[in-house]
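Undergrad: Here are the chains, one letter per residue:
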Amino acid sequence: MGSGGYLGELEQMVLLAVRRLGDGAYGLGVVDVLEERVGRSLSRGAIYVTLDRLEEKGLITSRRGPAVPGRGGRPRRLLTVTPAGIEALAEARRAWQSLWEGLAWEES
Amino acid sequence: MSAPGRGPEPPWLAEALLALCVPPRARDSVVGDMAEAYRRRAETSGRWLGLWYWRQALSVGGRFVLRRLAMHDLGSDVRLAFRSFVKAPGFTLASVLVLALGLGAVTFMFGTLDGVALRPLPFPDPDRLVWMWSSSEQYPRNSISLENYVDYRDQVEAFESLAAFLTFRPPVVLTGDGEPERVVSNYVTANLFPTLGVPPALGRGIAEADGLPGASDVVVLGHDLWARRFGSQPSAVGASLSIDGVPYEVVGVMPPGFDYPGDVDLWLPARVDRGYAQGRGNNNFLVVGRLRGGATLEQAQAQADVVARQLEAAYPDSNLGWGVLLVSLHEYHFAGVRQALIVLLALVTLVLLIACANVASLALARATTRAREVAIRISMGAPRARVVRQLLTEHMVVAFAGGAAGLAFAHLGIRALKAWGPADLPRLDTVGLDLRALVFALGAALLAGLVFGTLPAIRGTSVALSETLKAGSRSVGGGGTRGRSVLVVAQVALSLMLMVGSGLLLRSFLELQDVDLGFDADNLLLAEIQVPPGAYPDRVEAQQVWDEIHAGLAELPGVREVGGTDQLPVGMGGTWNGVYAQGREPDRTSDYLPAQRRYVTEDFLEALRLPLVEGRTFQVTDDGESSLVTVINASMAAALWSGEDALGRYVVLPWDPPIPLEVVGVVGDLSDQGPAVPPRPTFYLPIRQNPGGLGTMRFVMRTSTDPMIAAAGLRETVWRVDPDLPVSSVHSMEDRVAASVGQPKFRATLVGLFALTSLILAALGLYAVLAYSVRQRTHEIAVRLAVGALSGSVVLLVLRHGLRLVGVGVVLGLAGGLLGGRILQSFLFGVSLGDPFTLVTVTATMLGVALLASLVPARRAVGVAPLEALNAE
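Line by line, the protein sequences are chains A and B.
So the mapping is simple: the working numbering equals the position in the first sequence, first residue as 1, plus 678.
So the mapping is simple: the working numbering equals the position in the second sequence, first residue as 1, plus 78.
Hints in this document: simulated from the structure, not taken from any laboratory.
All values reported here derive from a predicted model rather than from experimental measurement.
We put the CB at the ideal spot given by N, CA and C, even for glycine.
Take the hints with a grain of salt, since some may be wrong.
As the list claims (entries may be wrong) - Using C-beta positions, here's what the derived DEER-type ranges look like: (1) LEU127/B - ARG742/A: 27 to 37 Å; (2) SER310/B - THR739/A: 48 to 58 Å; (3) ARG282/B - ARG742/A: 46 to 56 Å; (4) LYS735/A - VAL164/B: 21 to 31 Å; (5) ALA782/A - VAL164/B: 33 to 43 Å; (6) VAL164/B - THR760/A: 30 to 40 Å; (7) GLY780/A - PRO167/B: 41 to 51 Å.
What the hints assert, rightly or not - Partial pick of chain B residues on the chain A-facing surface, computed with a CB cut under 10 Å: (8) GLU87; (9) ALA104; (10) ARG145; (11) ASP598.
The following block holds chain B by itself, in its conformation from the complex (with noise of 0.2 Å):
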């Protein structure tokens, strides 16, 4: 993309490389003069332009760089290597492909690794931030209360300061000028933003006294929102802003790019006096804090234990059993995409191995066939160093061209992540090729040109002299071949663990998407309506809202059933209670259950098609006239009654008084938080008992075709209605699950990427070596034909030499899975290390591309004419 009137811009990357091959003197006038015929290509043909742009510049800025090597000594090297380079065409680009596979899957790695978690969190002295969870035997990493948040601010030492804000980020809808706009909000204490360091670009943060009781409401803006709503006005500060339609005043607004804890529009001082900050148990916050300069983790956490003993003993009814964890901001933020990450990188470490590997012995293959040429410059008198330094020379052109080609593929494989990437890898948009990432490109590079490089060298200079030229044409000896066999066998062995450990992602993946996720998930749209608070104060009055909506939304084309609720299944997972049974109060309040609790329409559970198990689901009757009522899901039934009825039992909200709800019907269980996570105890309650009514109902409609199509009259029907209801994330259940396994969905399509690039690598290496054995045994084959061997069990020798090697590198690589396959237990999901199914197919596969590999080698050698063989020696 680009802006209107500048015209296309070539290739960035391109550009670089050409501007840093072309001597700072002519750089205006190449560069420039490319850019500019580039323009022009765009105007006139404009197809493969990238592409045209890519020769181009690679053949400018390579010949000046061959001008400025043949000014060196250097340059005669690079020349003979060139002119070895055309005399051996197709090994040389075999040995650039390989490379430019290897290392441009190791770039593409590191760029994404580097981008997405090893640069440093955005906020000043990031190694001094920290995350604090509550934490308990049972629950390890939970929310906390803000009345203990409050113990901990106050008595660790070892925090310079320490911030919490709630757990969730209420969304509200912003009236007055302009049309109702739904944000997001959160709830933060006054210290958030000067522990995270960073300051209100624009008047003031949020303060101390604007979370007491009595305090008039303010609100803290986000830049975006600054500017949308406000023009970038300075005169905002000091404005007022209607949020759910009551008046705040606005006193600062945030720098761009701070929407910490994630995408928040708006903050608004967290209130010691409402409901959510109230209680020692009510665990509604996170907590954020700053390490005193100086002071480690380990302080700080002895220091937060001392004060958990205190609490523990002062409120024992809320506080027994829990303390806190404390890890540093960073590793809470990256901890489980960082390794999911260094996973990939270890793996695409193995497959530049295997690449190293190939052109090692493509590299070695080559170096046997020009043993005569080396023999003779050395006994005419060619220093041995010198010869060398020339087999070396060449390895590195090699090496910085496959280095080169590599860079280009990372840059495509970045822009695919960035198109197709799952939506849930935190900072996917800074990814990109930066300097390190070209560095590392070019240290892998020079690495792999040294490795394979020295080798062949070595073997190539190290041929007894005489002896060499002695042999003439059949020259080489069989101390290469056995260099070659075990090179193919490491790649076979490397192959086939990446291949192990891609199948066994596979399979996790598909075992996800066979999840049962307890409903029927096909054909339903999904849509959220919400109303802003006081547009409807009289309950009666929004009950009736939403009966027209849901009136409406039934008759849109296509629909069959509707039902709604609060919290949609299949997401983040939504509120939750601790419950128990009645007649059976646990002593403590953290023996409650937790359950998961939705409120849904009478209707939401048939649309839905929850299987029924007994009892009756909710009816129009269930309203505020009539006893509280309850429908539970299986899981909840078997933990609060075990194999008992849980018919007319009721369930109790440890609420001051205690409500209880009677148990009138059991339903399947549901998956609610992805295939991934088994399903959690639910409770479900019919929306006209809430008595405080809904602000928020996501609708769902069970569709008779595509679900998008009954989308399309949507907004109009709930806008019948009334004109000011917003209405957001129009969708399908489909997409919804689609992205709750979106990561192991991206996982599996990389690893699959890397492992059938070493497959590729592993067959074209054995292809090398079986190729070349059958040339360098042309006489012995030869010899075999005219003596009457059959043509059958030429072949047959052939095979069995690839097959012998493959066999032995798929035994070894078979035991490299199981072992290395440990570092993806965490991301296996319904498939065990040692998964049969995958070890067999991943073995039959490689033995099948081996086979493939050997026969064209094979079918050469039965085609080996015996008497033009024998003449020709």
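The following block holds chain A by itself, in its conformation from the complex (with noise of 0.2 Å):
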């Protein structure tokens, strides 16, 4: 997964979410947006794994959030996806668009 110049499918699935839950992004939200969207379910670790990944490939940066009660007093770390990250993703979505078209496809 993502270890050449391409991002591996689920290092995408995460970049997009953290993308879509905006300034509020993290960890536990990129796990449910995931589960929500993606439907099938995906194990945590894997999930944060990746997040780990993606931040010391750079593609993101965290924070330290607010004190949230029932953390048992460790604070959220608000995720962003860096100018890096966001490119990456462009890229690996033209790549995606240019193989699929012009291929007829119907879902079954």
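With the hints as a guide, bring the two chains together.
TA: Structure below.
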């Protein structure tokens, strides 16, 4: 996943989910969005590891969020997609689109 | 439980594990999110919450660990390991489960042992604290008189200080503001707090002058009592507290948690001018001391021996034959339980060994099936060391997974122990999974990994290459089979040892249950009622109050008989006196017959259904006006007048002047200190002849149905007579008896669980070996069947193989059980080490289980389809 220049499937999903959530984006929100939009159950562990890796690659950044009760005193980490992340998403989308173009497909 | 408004907390252990797995930069995000998700789930569904969290935490944590490992070379080994696990899920699951059982049991026991007995006492420099027994040949561990104590305190130089406190902790009643309250007091010498090294939190402790004649009455409060009674106000110091109707000045408050010698609410100075403190034969005190820095227990003992000889010479009447015995305070408090727990730890180590042997044989079985894969990898040029490392890694991963699951088991076990463990296990509330238990578990897991990882790994690579490849799918030779057979024999032997041990403990416990207590313990309700001293100064009036209460209790629904006494049977044992038969006074006071003394109402012996051997029991007319009488038990009659008739003779209380009591009746013995202790000589006195009157009366009520039904109206009945009387300890005799065998029951249950675990493990091991051997011999069996062997003979073939292994294991296990059983000796009651019933039952159980474990593979062998099997070649 995601080693060459291209993003892996889960990486794309996670980046898009962070984008969708906007200002208040944080880990549990991403889990929720993916569960809701993608439908199938994704492993929580995989999502968090992906988030960690995306941050390492500089595709998202995180900052300390407000202290929210019920987290055992641990603040949320708010997530933002970096310009590099947006660029990577756009590139992935171009690649997919060009591959899909002209293919006939009927969803059964 | 959680504070209001904060909601439920995720399981702490799972959360800590998760935090450990996640790198610090992601910790807030992941662990916090998980807590949030947990909370949300708790609000919506709420079922299996803990389990859900554990699963999520393991999965998320596992991902991060894998990711971290992947960055190192080890990662590829671990990944390979996981891949091979996925290929053999049954093997992996079995190994992890087996290890989890073993490691869980060890961690659980270590956590308990550590919390209960290994941690030091909560006093500064606990190593210097010692306990001093008064000691004679007949009574090696006895209490001591205050006068003797003073001599040791002043003359033994090795002691920095030596303190004494009263053997019993008299309950007292606090009156004044608020409702009357019954609390526990203790009379102590001035230096008790400094000796233990615990200064008062507030005010001062007890001073030397407080114990002298004419001193004013002072009291030091326990922290809880201070909070309860004085709302934690510092102004309590200097305030007055009414104890048993007498005003005492509060001079100090002890720090929280301090209740030495146990459950004490307040401390009063031991007064040298009181009866309990006078006379060298009046052994009413217990003694703790602090050694001088650099002094040893042996030095102190030697110096004390010198003092003891001087005292013997100076006071032969009371001191002849008496010395002192010093032991460390830690040993005094924990020796009993520590021994029990160390035995349990030894037994549980057996379980761990069995688990390791089991996993080893599983791994060995797998190693042989993988021999081909290994051979191919080596022939393709993989370095041998690399292959060994790979195999070892696999086992380490299994060991760690087993360790983690075992930790969860241990956690559950400790929670169960706290909920159901015996109440008299010291410091039970401090037991927990602490860091040291965690380290221990991890160490055990690693060791287990090495032990069962090495053997198969070495074997796996040493199989001659060409042979292995040539042999094709039937690749494996007999060496591995022998190794596994040895392991099965070991497992059977070890678990049989455990079963023998648990069988003996269980029998002991059942024997204890069966002991005839000497009275009818069914349907007896017990209650304690206390009259504050001074409340009824008039003897006659006080007796009237007791009579009214007595009559009221008799009217309670379902109550058929009522009796009262100062000391209930079955418990710590109460007051005793040295006595002698009139006309046979011994020369030395130490030769008096120690006998339990109990004041009772005229209907007490009947209410207990204590059998009357001869003579009569008490009557209402046995009062202050008539001559003094006593009823003695059979043991006492035998000890004083063996074989002769005791009726009409006199028992003498050697007081000043001596008091003769006429024996008017003899009753049966009762087990006064619980079923494990044989009955002692006991004499009963009529309560109406008690010159002082009773401050506390303990009632027994014989009911026609469940005694606790009658308990409902009990307090109201008492309070109709006097609303100021505290009523406490309302319980049934059945509970009282059950509490006295709490520890044996606990031991039997615990060891029984271990034995069951080990039996399951051994059965699994046997099954695995036989199943494997059947698979290996499919070809041979198919040939046999094809040439006309009867299926019965094939079944026998497999069974014989299994039972031969078990037979050897059983013989070794029985021998080991008989030898090792000796560590259990002191916990056995009414059953011998070689108890044939236990040995036969245990052996039969093992053989039965072994037969079951062998039958499945045997049936599978019969099911082999000859053609298919042969074609498969």
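Undergrad: Run every hint past the structure and note whether it holds.
TA: Against the structure, the hints come out as follows:
For LEU127/B and ARG742/A, the hinted distance range of 27 to 37 Å is satisfied, since their beta carbons lie about 28 Å from each other. Taking the beta carbon of each, SER310/B and THR739/A are about 51 Å apart, inside 48 to 58 Å as hinted. A hinted range of 46 to 56 Å for the beta carbons of ARG282/B and ARG742/A is consistent with their spacing of about 52 Å. Under the hint 21 to 31 Å, the C-beta atoms of LYS735/A and VAL164/B, about 29 Å apart, fit the expected range.
For the pair ALA782/A and VAL164/B, the supplied restraint of 33 to 43 Å holds, since their beta-carbon distance comes to about 38 Å. Between VAL164/B and THR760/A the beta carbon distance is about 36 Å. The supplied range of 30 to 40 Å therefore holds. Range check, GLY780/A to PRO167/B: about 45 Å between beta-carbon atoms, so the 41 to 51 Å window is met. The closest approach between the C-beta of GLU87/B and any C-beta of chain A is roughly 7 Å, which is under the 10 Å cut-off, so the hint is satisfied.
Among the interface hints, the one on ALA104/B holds; its C-beta lies about 5 Å from the nearest C-beta in chain A, closer than the 10 Å criterion. For ARG145/B, the interface hint holds, the least distance from its beta-carbon to any beta-carbon of chain A being 5 Å, beneath 10 Å. The interface hint given for ASP598/B is violated, since its Cβ lies 56 Å from the closest Cβ of chain A, which is over the 10 Å cut-off.
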